[in-house]
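**Q** Build the complex from these two chains, which are given one at a time in their own frames, with help from the hints.
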Amino acid sequence: MSDMMIRMQNISKSYDGEKTFVIRNLNLEIERGEFVALLGPSGCGKSTTLMMLCGLYRPTSGRIYFGDRLVNDVAPKNRNIGMVFQSYALYPNLSVYENIAFPLRQVKGVDKKTIDRKVREVAEIVKIEAFLERMPAQLSGGQQQRVAMSRALVKKPEILMLDEPMSNLDARLKLEIRDEIKKLQGELGLTAIIVTHDQEEAMAISGKIAVMEKGVIQQYAKPDELYEHPKNLFVASFIGTPPMNFIDGILERQGEEYVCRTPCGTLRIPAQSILEQGLKGSKVVLGIRPHNLHLVGGDTENCLGLRLDYVEHLGKDLLLKCHYGEEEGVRVLSGLSAGVHLREAVTVQVDSGSINVFDKESGENVTRFEEVTSHGTEG
Amino acid sequence: MKHEDKIKGAWKIFLFTEVASLVVVIPYGWMMVKAFTTPEGAFTLSNWSFLYQETPFFRGLVLPVIWPSVITSLIFASTTALLQIGVTIPTAYTISRMQFRGRVQLTKLMIILDAFPTVALLIGFFHVLNTIGLMNTYAGVVFVKVGMSLPGSIWLMKGFFDQVPWDIEWAAMVDGASRFTTFRKIIIAAVKPGSAVILVNSFLSGWAEYMLINLFIYSNGSTVSTFIGLMLDAEGKTAVPYGVMAAASLLYVLPVILLFIVSQKTLLKVSQGGSKQL
Ligand SMILES: Nc1ncnc2c1ncn2[C@@H]1O[C@H](COP(=O)(O)OP(=O)(O)OP(=O)(O)O)[C@@H](O)[C@H]1O
Ligand SMILES: [Mg+2]
Chain A
1 MSDMMIRMQN ISKSYDGEKT FVIRNLNLEI ERGEFVALLG PSGCGKSTTL
51 MMLCGLYRPT SGRIYFGDRL VNDVAPKNRN IGMVFQSYAL YPNLSVYENI
101 AFPLRQVKGV DKKTIDRKVR EVAEIVKIEA FLERMPAQLS GGQQQRVAMS
151 RALVKKPEIL MLDEPMSNLD ARLKLEIRDE IKKLQGELGL TAIIVTHDQE
201 EAMAISGKIA VMEKGVIQQY AKPDELYEHP KNLFVASFIG TPPMNFIDGI
251 LERQGEEYVC RTPCGTLRIP AQSILEQGLK GSKVVLGIRP HNLHLVGGDT
301 ENCLGLRLDY VEHLGKDLLL KCHYGEEEGV RVLSGLSAGV HLREAVTVQV
351 DSGSINVFDK ESGENVTRFE EVTSHGTEG
Chain B
1 MKHEDKIKGA WKIFLFTEVA SLVVVIPYGW MMVKAFTTPE GAFTLSNWSF
51 LYQETPFFRG LVLPVIWPSV ITSLIFASTT ALLQIGVTIP TAYTISRMQF
101 RGRVQLTKLM IILDAFPTVA LLIGFFHVLN TIGLMNTYAG VVFVKVGMSL
151 PGSIWLMKGF FDQVPWDIEW AAMVDGASRF TTFRKIIIAA VKPGSAVILV
201 NSFLSGWAEY MLINLFIYSN GSTVSTFIGL MLDAEGKTAV PYGVMAAASL
251 LYVLPVILLF IVSQKTLLKV SQGGSKQL
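Chains as they are written, first to last, in our numbering: chain A, 1 to 379; chain B, 1 to 278.
Source of the hints: derived by calculation from the structure; they are not laboratory data.
Treat the hints with care, as some may be off.
Stated by the list, open to error - Negatives, chain A to chain B, calculated, CB over 10 angstroms:
#1 L28
#2 E124
#3 L132
#4 E213
#5 G305
Unchecked claim - Each computed DMTMM-like pair below joins lysine to aspartate or glutamate, with the alpha-carbon atoms no more than 25 angstroms apart:
#6 B/K265 to A/E98
#7 A/K156 to B/D167
#8 B/K185 to A/D116
#9 B/K108 to A/D16
#10 A/K108 to B/E169
#11 B/K265 to A/E133
#12 A/K156 to B/E169
#13 B/K192 to B/E169
#14 A/K118 to B/E169
#15 A/K77 to B/E169
#16 A/K214 to B/D167
#17 B/K185 to A/E98
#18 B/K192 to A/E98
#19 A/K174 to B/D167
#20 B/K185 to A/D111
#21 B/K192 to A/E133
#22 A/K183 to A/E29
#23 A/K77 to B/D167
#24 A/K155 to B/E169
#25 A/K155 to A/E98
#26 B/K185 to A/E129
#27 B/K185 to A/E133
#28 A/K155 to B/D167
#29 A/K182 to B/D167
Since we're looking at a predicted model, the values are computed, not measured.
Cβ coordinates follow ideal geometry from the N, Cα and C atoms, glycine included.
Isolated chain B, as found in the complex (with noise of 0.2 angstroms):
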C-alpha cells in the first residue's frame, strides 16, 4: 500500500523537476541549433571560421583564430587546479590531524573567508597585484583566483580527511610506515573523492573565470571566456551574429562535458569504505 502512495505523489516531483531542467535545456538547444545554421536557418559550417582564419565578425571588428585563447585557457584553468589542490590537501590534512594552537578559530576563519564575495575584496586585490608586480600577468590571476576559493576547499577537504579513521593512520604506524608514507599510500587515496571535486571544480572554474581575467589582464580576448566576450562588448547587441557566438560557446562548454564523462565515476563515489562500521 504504501509503495503505492509514494508512486502516486512521486508524478508531482517528476513535473517539477522536468519544467526546472527546461530552463536550462533550452538555451544549450538553442546554442546547438544556431552553432551550425545561417540567420536565414539554413545548415552550414561557416559559423565556425574562427577555428582557422581571422574572421571578420561585426563592424570591422576582427575576431583572431581561437586556439591561442584555448591554450591559455587550458593553462590558466590547469594551474589554478593543480596549485589549488597542492595548497588545499596539506592545509586540510593539517587542521584536521595536527593539534595546534587557533585550531578552531582557523577553521572558522576558513568559513567566513568562504562566504565573502569576490567583487568586495577587488580594490586589495588591485593594490597587492600592483604592489608585488604581477598587474597583468596570469600568475597574478592565478593567485587572486585561488587565494578566493582557497578557504572553502580547505573547509570541504578537512571535511573528507576527518572522515579517515584515526585507526588507520595508527595502523600504519604499528605496520612501520612513516607518517608521510601513510600519507601518501593511504590516506590520500582515502579522499580520492574529495580531491576529485575539488581538482574538477577549480579546473571547472578557471575553465569559466570571466570577470578577473577581463579586470587584470589588459589585452582582449586572450582566453575563450574572454573570446566571446569580445563579441558581448561590440555595440549594437541586437545584430550580433548569433550563429558565430554560439559556435564559439559551444566549443567552450566541450571540455566541461568531456571532463565530467571522465571524473563522473571518481565524483559519484564518495565514501569507498574500507570497514564496516557500526
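Chain A with its partners taken away, still in its complex shape (with noise of 0.2 angstroms):
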C-alpha cells in the first residue's frame, strides 16, 4: 500500500454549519501513475471533492492523506498540485507567457533564466509556444485551456487536477485534447483527477472512475467493469451510450432457474448467476444493454415482444427505438433493419450471460460475475 498516492479517508462536508451533508462519508485511494475521473450528474459533489484535494475547501470531518503525509491542514501551494479550472481562469491582465511564469515568479530565488527556461519548456509540450506575447482574451478556447494546462504544469507537480477542463470546447476538439491530456499524464508519470460529467469522457480518458450520487461514491472501478457490472442502477444507467434498457419483472424460481415475467415475455435465467441474499422480494428490474438485444424471425428462446418506432441511424449501426405496454422504451442496437416495419411488432433475442438483475427495492444488482470479480474489484 505504500504506492497509494491519494487517501481520502471518511471525508464529509458540509457547507451550512453540518445541516446538510454535500459530501458524505467518502473513501478514495488513489495509487501513483493513475489517471482517475470523478463521474457524476451536476450538483453530485465531484468539485467539492476535487477542491477539497487541492485544498481550497476543508472536509468537514474525514482525513486526507498524500502518500503518508495528511494534507488537511497543508495549503494548496504546499500540495504539489497543479490544477485546471473548468472556466480556466487565466489571469486576464497577465500575457501568456506571465500566466505560465505567475507560479513561478511566486517562489522566491528563482532567477529570471531559469523561469524563462521552464515556460518555454512547458510551452512546447503543450504547443503554444506560438502564443507566449498574446493576452488570454485574444486565445480561442482551445488555446485558452492549453495555456491553463501549461501554468498547471509549469512547477511540475505530482498531481494534476483537472475540473470539467473539456466542457468549454467543442465536440471535435474535446477529443483531441482529451488525447493529448492522456498522453502528457503518461509522459510525465503524473497522478491525475479529472472531474467531469460526461461518462463518455472518462471512460476515455481515465483508468478508474468514481461515479458519484447526491454526495455518494457508488461505484470505484475500472471503465469495463462499470459498463459490464454496474453495481447498483444508478451506476447502470448513467454509464452507457446508447444507454442500458431496464425492464420491470417478477421473479420466480423454478428449479435449478428463475423465471422471470416481464410485460414483453418471458426469461429464463440459471439460479447460480443470482445472488440470492440479495433479493428483498420478487420484483427485478433487468438491465440489457441494447447490443445485447438481436432482432429474430419467430419466438423462440428468451425473447422479447416490442413494437418498433422509429429507427436512428449511428452510421455503421442502426438503433432501434422499440416499446413496450404504455410508452416503456427499449432500444436495440442492429446491423441491419430487413424485414422490420415502422409501427409493427418485432421479436428480439436477449444474449444469454448478458443481463444484470437489479433489486427492484433496493437498487443493488444481484447478478453473480464469477469471471470477474477475481481480478475486478481488487487494487
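**A** This is the structure:
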C-alpha cells in the first residue's frame, strides 16, 4: 500500500454548519500514476471533492493523505499540485507568458533565466509557443485551455487536477485535447484526477472511475467493469451510450433456474447467476444493453416482443427505438433493419448471460459475476 | 427587409437625440464665443486678464489672479479622488469576497445611504466638523464629500469585484500567491475599469464641488468653482460682464475635457474577459 498517492478517509463536507452534507463519508484511494475520473450528474459533489483535494475547501470531517502525509491543514500551494479550472481562470491582465510564469514567480529565488527556460519548455510540450506574447482574451477556447494546462504543469507537480477541463470546447476539439491530456499524463508520470459529467469522456480518458451521486461514491472501478457489471441501477443508467434498457419483472424460482416474467416476454436465468441473498422480494429490474438484443424471426427462447417506433442511423449500426406496454422504451442496436417495419411488432432475443438483474427495492445488482470479481474489484 | 425597417424608424431617434443634445451644446457654444469677444462683439483677449493680474470686475469687486484657486481646486479634487478610491477598493473587495455577519444588511445600507441627499445632512455635518475642529478646513470638506459619496462608490465597486470569478483567485492560491499578492497583481487589474470610473467621477465631482466649499470654507473664491461664484454673488446680476465669466468657465471645463480624453479608453473598456465563458 506504499504506492498509494492519495487517500481520502471518511470525508464529509457540509457548507451550512453540518445541517446538510454535500459529501458523505467518502473513501477514495488513488495510486501513483493513476488517472482517475470523478463522474456524476450536476450537483453531486464532484467539484467539492476536488476542491478538498487541492486544499481550497476543508473537509468537515475525515482525513486526506498524500502519500503518508496528512494534508488536511496544508495550503494548496504546498500540496505540489497543478490545477486546471473549468473556466480556465487565466489571469486576464497578464500575457500568456506571464500567466505560465506566475506560479514560478511566487517562489523565492528563482532567477529569470530559469523561469524563461521552464516557461518555454512547458509551452513547447503543450504546443502554445507561438502565442506566448498574446493576452488570454486574444486566444480561442482551445488555446486558452492549453495555457491553463501549461500553467498547471510548469512547476512539475506530482498531481494534476482537472475540473471539467473540456466542457467549454466543441466536440472535435474535445477528442483532440482528451487524447493529449491522456498522453501528457502518461509521459510525465502524473497522478491525475479529472472531474466530468460526461461518461464517455471519463471512460475514454481514465483508468478508474468513481461514479458519484448525491455526495456518495456509488462505484469505484475500471471503465470496463462499470460497463459490464454496474453495482446498482444508478451506475447502470449513467454508464454507456446508448443507455442500458431497464425492464421490470417478477422473479420466480423453478428448479435450477429463475423464470422472470416481464410485460413483454418471459426470460429464463440460471439459478447460480443470481445472488439470492441480495433479493428483497420477487420484484426485479432487468438491465440489458442495446447490443445484447438481436432481431429474430420467430418466437424462440429468451425473446421479448416489442413494437418498433423509429430507426436512428448511427453510421455503422442502426438504433431501433421500440416500446412495450404503454410507452416503456427499449433500444436495440442492430446491424441491419431487414424485414422490420415501423409501427409493427418485432421480436428480439436476449444474449444469454448478458442480463444484469437488479433488486427493485434496493436498486442493487444481484447478478453473480464469477470470472470478473476475481481480478476486477481489487486494487 | 428587416434591416430597412430598422433604418426607417431610426430617424426619429436621431432627431430626438439631436434636439436633446442641442440643449447642452448651445450654452457651450455661447460660452466659447463670449469668452473671446467684447460686449460689442469684437474679438478680444482682455476677458482673460485674470490669468496674470488682479482685475477690477464690477462695482468695485476686484478679481484675484486665478492660479491659486486652480491649484486649490486641483488639490481638493485629487485628494477627494484618491481618498475615495483608497477607501472604496478594500471595502468593496471585503464586502464582495469575505463572509461576515451583517454582510447583506451592510450592502442594503449602502444603497439607502447612496440615495440620501447631501443637503439633508448639512446640519449634521456642521455639527460633526465643529466638534472635531475641521470647520473652515479643506480636510473637513474632503471628509464630508468623500463620506457622502462612499456608499455609492462602494456599491458600484462591489459589483465589479463580484464579476471577478472565484476561479481566478483560487488559481492564484494554487499557484502559490498570497491573498494580498493576488489582490495586488490580478484582482486590481481585473477591476481597472471600475476603479477608473470611480477615480474619474470623484475627481470631477471634487472639481465641480461648489456648495460644500461655499458653506464650510469662509474665504471667498479660493477654488475655481467659488471663483466663478464670486461673480455670481455680485449684486445687479443683469450687468455682469459675461465675457470674463465665460472665460473663467471655459478654463473651468478644460480639465474635464482633458480628463475625458485621457481616460476614455479605460472607461469604455468595461469588460476585459480573461476566458471564454458560456
Ligand atoms: N460554496 C458553496 N456554498 C454552499 N453550497 C455549495 C457551495 N459549493 C457547492 N455547493 C453545493 O454543493 C453541492 C455540490 O456541488 P459541486 O459544485 O461539488 O457539484 P458538482 O458535482 O461539481 O456539479 P457540477 O457538475 O454542476 O459542477 C451542490 O448542491 C451545490 O449547490
Ligand atoms: Mg463542478
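**Q** Hint by hint, say whether it matches the structure.
**A** Status of each hint after checking the structure:
1. L28: Holds: least Cβ distance 20 angstroms, greater than 10 angstroms.
2. E124: 20 angstroms, holds
3. L132: 16 angstroms, holds
4. E213: For A/E213, whose nearest Cβ neighbour in chain B is about 24 angstroms away, the distance exceeds 10 angstroms, so it holds.
5. G305: 45 angstroms, holds
6. B/K265 to A/E98: 24 angstroms, holds
7. A/K156 to B/D167: With Cα atoms ~21 angstroms apart, A/K156 and B/D167 stay inside 25 angstroms; holds.
8. B/K185 to A/D116: 20 angstroms, holds
9. B/K108 to A/D16: Within the cut-off at roughly 23 angstroms; holds.
10. A/K108 to B/E169: Measuring from Cα to Cα gives roughly 20 angstroms; hence the hint holds.
11. B/K265 to A/E133: Given that 25 angstroms is the threshold and the Cα spacing comes to 22 angstroms, the pair holds.
12. A/K156 to B/E169: 21 angstroms, holds
13. B/K192 to B/E169: Holds. B/K192 to B/E169 sits at ~16 angstroms (cutoff 25 angstroms).
14. A/K118 to B/E169: 23 angstroms, holds
15. A/K77 to B/E169: It holds: about 13 angstroms lies between the C-alpha atoms, which stays within 25 angstroms.
16. A/K214 to B/D167: OK: A/K214 and B/D167 at ~23 angstroms, within 25 angstroms.
17. B/K185 to A/E98: Measuring from Cα to Cα gives roughly 11 angstroms; hence the hint holds.
18. B/K192 to A/E98: 18 angstroms, holds
19. A/K174 to B/D167: The hint holds at about 21 angstroms.
20. B/K185 to A/D111: 19 angstroms, holds
21. B/K192 to A/E133: Cα-Cα ~21 angstroms, so holds.
22. A/K183 to A/E29: 22 angstroms, holds
23. A/K77 to B/D167: Holds, because 15 angstroms separates the two Cα atoms, which is no more than 25 angstroms.
24. A/K155 to B/E169: Distance ~18 angstroms between A/K155 and B/E169 Cα, so the pair holds.
25. A/K155 to A/E98: 14 angstroms, holds
26. B/K185 to A/E129: 24 angstroms, holds
27. B/K185 to A/E133: OK: B/K185 and A/E133 at ~18 angstroms, within 25 angstroms.
28. A/K155 to B/D167: Holds, at roughly 19 angstroms.
29. A/K182 to B/D167: Given pair A/K182, B/D167 holds - Cα atoms ~24 angstroms apart, limit 25 angstroms.
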